[in-house]
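With the hints as a guide, bring the two chains together.
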Amino acid sequence: MISTMEEKPHIPAAPRKRRVPGWAVAMLGVAGAIALLSITSMQTGFPQLTSSGTTQTAVRLGLPILLAGLGGLWAERAGVVNIGLEGMMIMGTWGAAWAGYQWGPWAAVVAAVVFGSLGGLLHAIATVTFGVNHIVSGVAINLLGAGLTKYLSTLVFFPLSNNPRQSPPVQPFDTYSAGGLADWLGELEAGQRLFISDVAGILRGLVTGVSPLTMLAILLLPLSYYLLWRTRFGLRLRSVGENPHAADSLGVKVYFHKYVAVIVSGGLAGLGGAALVLNPGQLSYLEGQTGGRGYIGLAAMIFGNWRPGGLLGGAALFGYADGLQLRSGGETVLALVYGVVLLLGVIVVWQLIRRKWFSAAAAIFVAVLMYLLYISLDEIPSEFVSYAPHMVTLAVLAVASQRLRMPAADGVVYRRG
Amino acid sequence: MGHLRGKLLPPALAIVFSLLLCGVALVISGANPLSAFGAMVTQVGKGTTFIDIVNSTGIYYIAALAVAIGFQMNLFNIGVEGQYRVAAVVAAVVGGSIVLPTGIHTLVIIIVAALAGAAWAAIPAILKVTRGVNEVISTIMMNGLAIGLSAYLIRRDVFGELRGNNIRTAEIPESGWMPGISFGGGGTMFGFIFVAVALGIGYWVMMNKTRFGFELRASGESSTAASAGGVNAKKMVLVSMLLSGAIAGLISLPELLGRDHTFSLNFTAGIGFSGIAIALLGRNHPGGIAFGALLWAFLDKSGLALDNVGVPREIVTIMQGSIVLSVVVAYEVVRRFELASEQRRVGRELGTVGGAA
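In order, the protein sequences belong to chains F and H. This note's numbering applies: residue 372 is where the first sequence begins, and numbers increase by one. This note's numbering applies: residue 10 is where the second sequence begins, and numbers increase by one.
Okay, chain H solo, but in the shape it has when bound (with noise of 0.2 Å):
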């Protein structure tokens, strides 16, 4: 009991802090936290706002999935933003100009997307394991690099044309979209949602089911001892890295399959850093990122109501930055909290013994 309470107790604590703060801040503001908060309840049940939220809670799923592996093993890959970035676009662009029969197509621009998330990953994962460089440092870098050659291959020169205002690439033929299950007027959701669930699934028994994922754990927890235990330190940071970057090259998919059918100038940037929060605030378990996941789709597609009533939804963006500092905060909190009465417990035990002795 004690040990679901430390679990759950945290997030609960960011959460009402962080709407505390947001509320503070809108008081200054000279608006009303109250009114703010219904409108963004009863947007909810307006036009396609319920299926834009479990939409982008299938994106931000993905994000932190990839995300959490890394985590698993104290292994901070930053660079997801750029790995579902260069994924993107060279899905995009191969998907675009293959000829492939229907299933067939969407199949092959999935791996493509995959393999791509892969490679990039595979550079810092490649300098860690054989220069010792750190990794939060190069995937950084690697991140201002993958705006770099996003941007260089929709060149109109490269693999871009120019539709619009809009440069873009290809537009990827009917066969290799992933149709959506449609809602009327309610909004379509992406198709792709449920390999974001089979995904989550399948880390949830890859973590707690099979060997990989006691060494990921194990490695995580205290790499010298996972090491004495016969884990291979460099061959763990190299799997989960590419294992990351792959699922991270997914996070696009959503869009790309069900919706946009090409890589433009519109791309949706940031998922990578939510997916940082999501995980941080879900603590890597399947179920914690599900709701956190869900927490970020919400504050982002109901903040769009906030507008209505004289609130810059941009405080939204507040209250998810204070959430994540206030989670992990929080966790901390708790863990030295549950340290000390444990250390106090096991003293009392262990006097009252000496005292019987």
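Looking at chain F on its own, in the form it has when it is part of the complex (with noise of 0.2 Å):
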């Protein structure tokens, strides 16, 4: 590494792009987005948008998206893709569910990891040994997760609840609320003050009721940034998803950083799985509870462009989304669209400002089309909202699919030559 360093001084320094460092933006996007929540809730009427309800069960629904997503993270900052999170989360869910309900919510947590992680090997032992294609072997593994899963609670489960898919209730984790501060933040919100109320609303709802899993999750984020990307092992591991052959040939060890990487997926989409099963609203194993969150944890993956900051940004966005249906209804939901008309109008101007006459003129356009839709719904159907992940990432990823930028080797098969 060093010595690459030394060489480089004949090459003239590239103009510096980015001035403002990576932190500032991403509490600036913060920022912007707690104002453009709290004008689109002034304007529309629905003081649920900013409510500590709201951000409560945003924050519980975003938990397993989040964790799936760092899963994602993991595996393809590798060079593998994991399609498989899916079933590898069910697999979390169902070990989470069987130690649970015997030996607390403690058990859960560590049986879910260690049985997704269970999934990630055998991923691993399929793609990195065998050399069989990620998404073929993805799809094998939520194939086997769903039909280990119910053979297993039919065997296990059904005995106890006298019902094959679901298991017997889970004690939860006790919850901690920082308790002069909510109640603080409570009056603050209770005040109906532009921005304040909204801001203390939001901060209320990430105080109130915090089990440890969830503050284990949120730790596991920068922990996940600060091994990828500020040790060794974690450049090692980055190199190897970006070019396995160069990697190999400095000396690391490509096979055993592709397991190492894959099987800590498995865990964090099993732990995802826990997740979901500690929910206070649910509290056991359920067949098909997962509903595809596996995949949306992936979908938040790329829409944060494979980083960790912008992985927490999706999993928030796409966990807001669900808790604000999930509270409040398709109204609040329309009132969401409101919020994107306001914020391409932002757009609209930066874009203006930069002469992309283009990209101006599409943002008005859609600008448009969603002011209409706004102006000509009483809500949004509420089968549609559970999906919004969905349109949201398919429309991230017809707008920005150029500017995404995956691990290099990210899906390629490694046979070390």
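Where hints are given, some of them may not hold.
What the hints assert, rightly or not - In silico contact screen, one side only, chain H against chain F (beta carbon under 10 Å); selected entries: (1) A34; (2) N241; (3) V342.
I should point out that these hints are in silico values taken from the structure, not numbers from a laboratory. Glycine is no exception: its CB is placed at the ideal position from the N, C-alpha and C atoms.
Have a look at this one:
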């Protein structure tokens, strides 16, 4: 690494494009999103948009997506596409319920990680050792995971719960609230002042009823970032995903790093399954419980351009849309459409400043369409709201697929020469 | 001879391996694998099971053909699941709301289903061709949206009606049905099975006897070589995706035209994913796919007998899953083995030539 640094001076330094550091962009983005929501909630008259209840539900629903997405990030950074996240998550839900009803929530977490990792190990054996196409192996693991859990729950849960599709109830985690702070924020939220109340509502949702699992998941995000981007191990792992042959020539153990990445990926997906089982609203294994969240996690990762920060944004967005729908129905989600129109308005101005006439015109066109949608409907049909992540992902892919940058050797089968 | 062995050995190995795996699983759970397997085999002769298997084979066959068209050119149409769901609901709605003479009515439903499936597949196809969006991700997203769309379309304030506990679309009048062949107590074979067979023949002819099929396979073998040979890659993606979607649109028709006559909440889901597994098992070959579809249908329908011998019938889903995974591994292992032995052979021959000179 050092030698390449020393050879560089002959090349003129590339013009610095990014003057604003990443964390500042993220802060600006969060502030912008809150401002947008608060203006939307004021103009449409739906305070639920930023209420603490909505935020709390959004966190709960976003958690499995975040964990699955993190799982996808680990695998794909090492160059293994993991469509099998869904199957690994299903295995995680079963493991969590099986251990959870016997030995409590922490056992549930551990078992979920173990079960998910087993799925990951299987994916690693198939794709890394045997060089099976990643998509094919992933699809097979999804089939296998669903079949395995169906069989096991008929075998194990049926005698206990008299229902082959559901486990006995699982003991939940104790949740923690920042007492004084939450009360103070509650007062601010009730005040209904623009922006301040909105921020207070969101913050109150974030600090009320937090389970240890939520904290763990939130910690795993910076931890993953640190491990993947700030350690020697992470550099090697990512180099395997970018160019395995070059990595191999430098003595990096390609197979080893891929194995580790995919097993961790499965463990994280399994943990996402535990987050579903230990969700206060449900507290048991239920067949079909994951409902494609493994795929949505993958979508969140793509939305985030294979970066942890963006992934968090994607998971937050998808969890938020889901939580809003669950808490307050299709009318409030329609208010979000209004928010999108506002956002597009900002984009139009931005594109006009940058003299990108075509992009501006396209944004105006979409904004007009969205506005027409907003004034012509009373509510967004609930059938579609759950699929907002899917539409957003398609839209993001359609607009920005040229700018998304995935690991260069992602999905490529590598064989040691 | 060795060529044939390379083709037949992997699936045989995979099935044996999966049988052993499930046998071990059964022994661990305290059941007798032999009696379980015996119950499955004897089930074939009981009641309507045999005809059920035939019907189910036909459905899986169509699904696997739809997947195989994409696979032939390394295009992963994971979206067959969504395409046939959307096609089913659109065909049921259109079929239930128009009045046409017998025969023509059926034909219109079939065409509508194919068009709906193709239209749903067109979105990822266009995204791939114009924007370079990976079809795996976009079709997965389209699968989710298909569930939402079908749930919306059978809402009672849209096209649905409440019948008993079930929400469904208006029933297709008898002029739009497709008659089956009745075997009395043995059940009724769907008439659409013959269409499935015709599709298989058509698929074989298209792949092996037409220019399009050649270009499709060439693109699959090497897209750069194909485009150097004058094959328009974007056109191939678009056409094969639309074709795959159109065939996917037909998957639900055996049941829709032959038995249900309506789209309801009882819709059989998951056939698209089974189709992927079967296409892999059958290596995109029409004969291999037929075998895979038969195996899948046998496991599905005979598995019902397992409940009688005290074994959860979900063991067959494990078996299906392990067959897929082990068959792809087996194909890969055999391919590597043959590659290595070929290299050795060439090396040996070159060595002898060198020695003689």
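*Which numbered hints does this structure break?*
The structure breaks only hint 2.
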